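There are 2 protein chains.
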Amino acid sequence: MGTNMRSKWWGWGAPEKSYDLSRKPYFWPYLNNRLDIPENPFLFPPSMEKIDLPPTYLPVNTLNRLKSRLPPGQIFTDRESKLTHTYGKSYHDLIRIRRAIFPVVPDAVVYPETEEDIQAVLRWAKENGVGVIPWGGGTSVVGGVEAFRLKSQDGLIVIDLRRMNRILKIHKESLLADVQAGIFGPELEEQLQEKGVTLAHYPESFEYSTLGGWIAARSAGQQSTRYGKMEDMVESVRLITPAAILETPCFPAAANGPDINQIVVGSEGILGVLSQARIRLKVIPGRKFYTALLFRSFEEGVEAVRKIMQSGIKPATVRLSDADETEFVFALREAKSGRFSSSLQKFGMKILGMKGFLPEKRAFLILGLEGEATSVRNEWRRIVKMLHPFSPFKLGEKTARQWYDHRFENPYLRDTLMNYDLLVDTLETATEWENLWNLYRAGRTAVLSACDTLQIKGIVTVHLSHAYPTGSSLYFIILAVPHVGKELEEWWKIKKAASDAIVSAGGTISHHHGIGLDHRPWLKQQMDGTSLRLLRQIKQTLDPNGIMNPGKLLPD
Amino acid sequence: MGTNMRSKWWGWGAPEKSYDLSRKPYFWPYLNNRLDIPENPFLFPPSMEKIDLPPTYLPVNTLNRLKSRLPPGQIFTDRESKLTHTYGKSYHDLIRIRRAIFPVVPDAVVYPETEEDIQAVLRWAKENGVGVIPWGGGTSVVGGVEAFRLKSQDGLIVIDLRRMNRILKIHKESLLADVQAGIFGPELEEQLQEKGVTLAHYPESFEYSTLGGWIAARSAGQQSTRYGKMEDMVESVRLITPAAILETPCFPAAANGPDINQIVVGSEGILGVLSQARIRLKVIPGRKFYTALLFRSFEEGVEAVRKIMQSGIKPATVRLSDADETEFVFALREAKSGRFSSSLQKFGMKILGMKGFLPEKRAFLILGLEGEATSVRNEWRRIVKMLHPFSPFKLGEKTARQWYDHRFENPYLRDTLMNYDLLVDTLETATEWENLWNLYRAGRTAVLSACDTLQIKGIVTVHLSHAYPTGSSLYFIILAVPHVGKELEEWWKIKKAASDAIVSAGGTISHHHGIGLDHRPWLKQQMDGTSLRLLRQIKQTLDPNGIMNPGKLLPD
Ligand SMILES: Cc1cc2nc3c(=O)[nH]c(=O)nc-3n(C[C@H](O)[C@H](O)[C@H](O)COP(=O)(O)OP(=O)(O)OC[C@H]3O[C@@H](n4cnc5c(N)ncnc54)[C@H](O)[C@@H]3O)c2cc1C
Ligand SMILES: Cc1cc2nc3c(=O)[nH]c(=O)nc-3n(C[C@H](O)[C@H](O)[C@H](O)COP(=O)(O)OP(=O)(O)OC[C@H]3O[C@@H](n4cnc5c(N)ncnc54)[C@H](O)[C@@H]3O)c2cc1C
Numbered sequence: 019m020g021t022n023m024r025s026k027w028w029g030w031g032a033p034e035k036s037y038d039l040s041r042k043p044y045f046w047p048y049l050n051n052r053l054d055i056p057e058n059p060f061l062f063p064p065s066m067e068k069i070d071l072p073p074t075y076l077p078v079n080t081l082n083r084l085k086s087r088l089p090p091g092q093i094f095t096d097r098e099s100k101l102t103h104t105y106g107k108s109y110h111d112l113i114r115i116r117r118a119i120f121p122v123v124p125d126a127v128v129y130p131e132t133e134e135d136i137q138a139v140l141r142w143a144k145e146n147g148v149g150v151i152p153w154g155g156g157t158s159v160v161g162g163v164e165a166f167r168l169k170s171q172d173g174l175i176v177i178d179l180r181r182m183n184r185i186l187k188i189h190k191e192s193l194l195a196d197v198q199a200g201i202f203g204p205e206l207e208e209q210l211q212e213k214g215v216t217l218a219h220y221p222e223s224f225e226y227s228t229l230g231g232w233i234a235a236r237s238a239g240q241q242s243t244r245y246g247k248m249e250d251m252v253e254s255v256r257l258i259t260p261a262a263i264l265e266t267p268c269f270p271a272a273a274n275g276p277d278i279n280q281i282v283v284g285s286e287g288i289l290g291v292l293s294q295a296r297i298r299l300k301v302i303p304g305r306k307f308y309t310a311l312l313f314r315s316f317e318e319g320v321e322a323v324r325k326i327m328q329s330g331i332k333p334a335t336v337r338l339s340d341a342d343e344t345e346f347v348f349a350l351r352e353a354k355s356g357r358f359s360s361s362l363q364k365f366g367m368k369i370l371g372m373k374g375f376l377p378e379k380r381a382f383l384i385l386g387l388e389g390e391a392t393s394v395r396n397e398w399r400r401i402v403k404m405l406h407p408f409s410p411f412k413l414g415e416k417t418a419r420q421w422y423d424h425r426f427e428n429p430y431l432r433d434t435l436m437n438y439d440l441l442v443d444t445l446e447t448a449t450e451w452e453n454l455w456n457l458y459r460a461g462r463t464a465v466l467s468a469c470d471t472l473q474i475k476g477i478v479t480v481h482l483s484h485a486y487p488t489g490s491s492l493y494f495i496i497l498a499v500p501h502v503g504k505e506l507e508e509w510w511k512i513k514k515a516a517s518d519a520i521v522s523a524g525g526t527i528s529h530h531h532g533i534g535l536d537h538r539p540w541l542k543q544q545m546d547g548t549s550l551r552l553l554r555q556i557k558q559t560l561d562p563n564g565i566m567n568p569g570k571l572l573p574d
Numbered sequence: 019m020g021t022n023m024r025s026k027w028w029g030w031g032a033p034e035k036s037y038d039l040s041r042k043p044y045f046w047p048y049l050n051n052r053l054d055i056p057e058n059p060f061l062f063p064p065s066m067e068k069i070d071l072p073p074t075y076l077p078v079n080t081l082n083r084l085k086s087r088l089p090p091g092q093i094f095t096d097r098e099s100k101l102t103h104t105y106g107k108s109y110h111d112l113i114r115i116r117r118a119i120f121p122v123v124p125d126a127v128v129y130p131e132t133e134e135d136i137q138a139v140l141r142w143a144k145e146n147g148v149g150v151i152p153w154g155g156g157t158s159v160v161g162g163v164e165a166f167r168l169k170s171q172d173g174l175i176v177i178d179l180r181r182m183n184r185i186l187k188i189h190k191e192s193l194l195a196d197v198q199a200g201i202f203g204p205e206l207e208e209q210l211q212e213k214g215v216t217l218a219h220y221p222e223s224f225e226y227s228t229l230g231g232w233i234a235a236r237s238a239g240q241q242s243t244r245y246g247k248m249e250d251m252v253e254s255v256r257l258i259t260p261a262a263i264l265e266t267p268c269f270p271a272a273a274n275g276p277d278i279n280q281i282v283v284g285s286e287g288i289l290g291v292l293s294q295a296r297i298r299l300k301v302i303p304g305r306k307f308y309t310a311l312l313f314r315s316f317e318e319g320v321e322a323v324r325k326i327m328q329s330g331i332k333p334a335t336v337r338l339s340d341a342d343e344t345e346f347v348f349a350l351r352e353a354k355s356g357r358f359s360s361s362l363q364k365f366g367m368k369i370l371g372m373k374g375f376l377p378e379k380r381a382f383l384i385l386g387l388e389g390e391a392t393s394v395r396n397e398w399r400r401i402v403k404m405l406h407p408f409s410p411f412k413l414g415e416k417t418a419r420q421w422y423d424h425r426f427e428n429p430y431l432r433d434t435l436m437n438y439d440l441l442v443d444t445l446e447t448a449t450e451w452e453n454l455w456n457l458y459r460a461g462r463t464a465v466l467s468a469c470d471t472l473q474i475k476g477i478v479t480v481h482l483s484h485a486y487p488t489g490s491s492l493y494f495i496i497l498a499v500p501h502v503g504k505e506l507e508e509w510w511k512i513k514k515a516a517s518d519a520i521v522s523a524g525g526t527i528s529h530h531h532g533i534g535l536d537h538r539p540w541l542k543q544q545m546d547g548t549s550l551r552l553l554r555q556i557k558q559t560l561d562p563n564g565i566m567n568p569g570k571l572l573p574d
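Protein chains in written order, with the numbering used here: chain A, 19 to 574; chain B, 19 to 574.
Looking at chain A on its own, in the form it has when it is part of the complex (with noise of 0.2 Å):
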């Protein structure tokens, strides 16, 4: 393999880490309440070897014209190789490695070390009519990544950017930072913070995902309201297409007509492979301040959210949780005092509950704001006053501190629930402030009749994660006990049920993870005619054969 930065091939993360629900005493009571969880897990990861492996599709006699374009050691086509290439990290991923379904995989995977093998690579696929799936972390939650090959290709490639991991210049005194592609978070942010700055795009997935994966989906971080989204970190791109270089020029701003850095933020690997960006950087802040508040209700905190990100403030985290989800926040407390809110232990949910926080309407709201260490007083100061008329319950830091410590930890929890072979999948949507609560509606009627009609029991928790002073992201989870062997399906009828609803209620179909495969049927209801034209007319002028991520985002 490229690195030694491995992960679970059929799961999250680190191998030997998995989520520890020990010191959680209130977690399996409660999901046990709602859902009928099986009493033993029984489905796990089969082993690699016993997997079926669709026969290689690529003749031997191309792929060995393309060894020897490459210099040795970037190509590789074991099963190994293979099926770690197969899929994202969506439920619907994950599924089907569980299920041992594999009925595509690549027939080789490439790690390219310079510009010069990509090209390289994109010339063989051309000639050969091959299709390429750029890969930066493989942690796509929408089948970005997925082995996907149209009929009329003789074979289907993964180019692995993770041998360009290199930050080739940090411009300090510009704030900019050239950096390749294939770097993944933390190698990132350790060598930038050496310098005293950052880039500060944090994604749940920051571990495990790359700047070229971030850049082609147009990725947002837990602080991306501070700091913007990717669309917002990227000075310029370098983009190596089927057809040609693609490098955007580095001005702070400019009046040079269409901003062409926006049309390969966002194009997924379809139009080509970003070698290279230059990033935007800040310097680090020299104030965190995190803490936690309960809200009456999801419609208080929403009001209150609102209000912050209206005022000018802009705290580098709001995440508002609606009731079920605080129910299953607070589910995952920890039983000694030390842990969790030492003041929620104190007060006890009792008497929470007698002070007008009903359990089953209470919001919780994590609120960090990051800066220089005056501002963020006067920032915390402006807010209590703000948020004065809805009296939260101050929960504090520490309550705070256990989110922002153990931030990173959520995707191991799925792992653990799919043992037991629960449903657990996301969206995530956003929309103007005034139709919010027609999308919130909307969004957990859907899986929640969907979860009805197919006799299973369901749960669905929201948050606000991402805010604007125009509008907010609505971020969806979903657990649910499908059927066993039936989960694809189910999963399928709950997805397409709540995508339909949220697009008909005016939400995007995608805030941060994309269109890939999964998103793809919607697309066209959340983009005019025209405006597709356009995309599969630029999709055709940088890659002419087709060749690069087959099937994803552009509609049929």
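Please keep in mind that the hints were generated in silico from the structure rather than gathered at the bench.
Among the clues, some could well be false.
Identical chains blur together in the list; that is why a pair holds if it fits in one copy or across any two.
Simulated crosslink set (SDA-like; lysine to any residue; CA at most 25 Å straight-line) [stated by the list, open to error]:
1. 416 / 225
2. 325 / 392
3. 511 / 166
4. 68 / 114
5. 144 / 555
6. 68 / 390
7. 190 / 321
8. 190 / 523
9. 144 / 392
10. 403 / 244
11. 306 / 444
12. 557 / 265
Computed from a predicted structure; not experimentally measured.
Position chain B with the ligands against the provided structure of chain A, taking the given hints into account.
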């Protein structure tokens, strides 16, 4: 004409207004000292009647077909309509007006009232091979609205949007508004501010330019450092193109592939006519604090501004003048203490010099903070600390208020100077901080040596007015005394030398004025071939017959 929003056809602004130099006793002496100003003004605008109009190009029958398709009262072919829709407001334009050079004028000016009207015009233009120039306020300074017809075209018309000037809806809860493209700055802000909101987009041309023009040219207001450029202010657009209508969706953010908005923003009329947009508003800031400071050198000032911009503070305005511009600004101070800075009057210029603020080096800064009162106070406190090492001289709020209150008046001065046949032009570029000095020197040197070569006297003053954490704009003002009768030729030599130098030094050919006709030769060096091909393809898709704003933006 369409509305009663009228301005001088041969110069800037309200016909009855001109720049008041009567209370500014230092200005003429300053100018006479630096340049050989003719004793009396002699180059006046011609009267409309005296101008030789080229023959109408468009066959009468063709025009009649358009008349039959539009409501009455929308098509004008009179002399005044043509002459007032031939040029924008650049020096290049105004000198041609004064010299009565009108080789091409539009054959007609159309004032559509609905999208259907626009569509009817475009359909007709397509059928008849007629070029179409979308016209907002006509304040372009890059030849963006110049009457330019391709050889292959059988006529040229202007679509003047001023009758489509309504705010369709203010979405107060979401801080958004749906606004027609032809609305002028003052109309827009008046109606928004009545509702407690603002766009806060104040280009110097604010009073006579339109929303559509701002979007089409990627305009930047004088408060863009806080509120962003037009590309940041647009949530959704409607563009009527010859091929179809293009409408982008309304989401606060999304990950639905490339951002089509950013193809429309900056399209300068070459893809279609913007009919309306959903724009992002702000709550009117509770406090506006503007103050003026003097640094010992432009270098120190730049260093201070960079520090501020990288500290997380977003001032509304930072406008830092180099020594030559500082001298110019001081020369424009008023005689009575009440008007210009009283503290400056008190200390007197001499004492300033003794304190190390030497005339040949000192740099004038306007710093504006906007927002909630306690935030502004905190930001100012932090800035004072940051400025400490530079110990700038505090000219204070009064001086800044002078600038603020008169910030839309400078363009009138150009007209006065042009009466003396002075060349008055501006160049605006931007680059990363680490390249600022290089660009600054290159631009200045190019202008001054071009003047030398031409054996004319010239002044070039520079300010930095739109700043970013990563870099800044640089704005060059050129004053020169061309040889009488050779104004156009000498202007072009200076413009070309400066633009060549700016581009070679890594600056953008435009930070906010756009490309139009005048910057077209340099765009090729600013975009790689692949991006240019993409742009051409996009144009081909939306405007297959090439009728939209012929000759603009895209290099040959
Ligand atoms: C548990 C979990 C949590 C997540 N949390 C977040 C979150 O908080 N915020 C968020 O935005 N996303 C999140 N995601 C989604 C995912 O991590 C993001 O989409 C991320 O940007 C993908 O990066 P990656 O490097 O893994 O890209 P991949 O998954 O490898 O690829 C994603 C897409 O980009 C393309 N691509 C990748 N690299 C390149 C390249 N160099 N050139 C061209 N195209 C390329 C691929 O072809 C694919 O279409 C999460 C995913 C998981 C599984
Ligand atoms: C004295 C002076 C000061 C200026 N100061 C600034 C400043 O501070 N900041 C700044 O950004 N600019 C400034 N400018 C330049 C100019 O005002 C801007 O470019 C402005 O955005 C133009 O707006 P407008 O409505 O006048 O557009 P126009 O000049 O009419 O048109 C500009 C371009 O946009 C196109 N266009 C106009 N309306 C539409 C539409 N509805 N649909 C499609 N295309 C359209 C035109 O075809 C043309 O290409 C200044 C100009 C002058 C003369």
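Here's how the hints hold up against the structure:
Within a single copy, residue 416 and residue 225 get their C-alpha atoms as close as 24 Å, which meets the 25 Å cut-off; across copies the closest is 53 Å, which misses it. With identical chains, the CA atoms of residue 325 and residue 392 are at most 25 Å apart both within one copy (21 Å) and between copies (17 Å). Taking identical chains as interchangeable, the C-alpha atoms of residue 511 and residue 166 lie at most 25 Å apart only when both belong to the same chain, with a minimum of 21 Å there against 57 Å between chains. Taking the closest pair of Cα atoms, residue 68 and residue 114 come within 25 Å of each other only inside a single copy of the chain (14 Å); across copies the shortest separation is 81 Å, beyond that limit.
Both within a single protomer and between protomers do residue 144 and residue 555 lie at most 25 Å apart by alpha-carbon distance, with minima of 18 Å and 21 Å respectively. Neither within a single protomer nor between protomers do residue 68 and residue 390 lie at most 25 Å apart by alpha-carbon distance, with minima of 55 Å and 64 Å respectively. Proximity of residue 190 and residue 321 under a CA criterion of 25 Å is satisfied inter-copy only: 14 Å between copies versus 39 Å inside one chain copy. Taking the shortest Cα distances, residue 190 and residue 523 sit within 25 Å of each other only across copies (20 Å), while inside one copy they are farther apart (45 Å).
For the identical chains of this complex, residue 144 and residue 392 are neighbours neither inside a copy (57 Å) nor across copies (60 Å), given an alpha-carbon limit of 25 Å. Within a single copy, residue 403 and residue 244 get their C-alpha atoms as close as 20 Å, and across copies as close as 24 Å, so both meet the 25 Å cut-off. When the C-alpha separation of residue 306 and residue 444 is checked against a cutoff of 25 Å, the pair qualifies neither within a copy, at 28 Å, nor between copies, at 44 Å. Taking CA atoms no more than 25 Å apart as the test, residue 557 paired with residue 265 passes in both settings, with 16 Å inside one copy and 20 Å between copies.
In summary, the structure is inconsistent with hints 6, 9 and 11 from the numbered list given earlier, while agreeing with the others.
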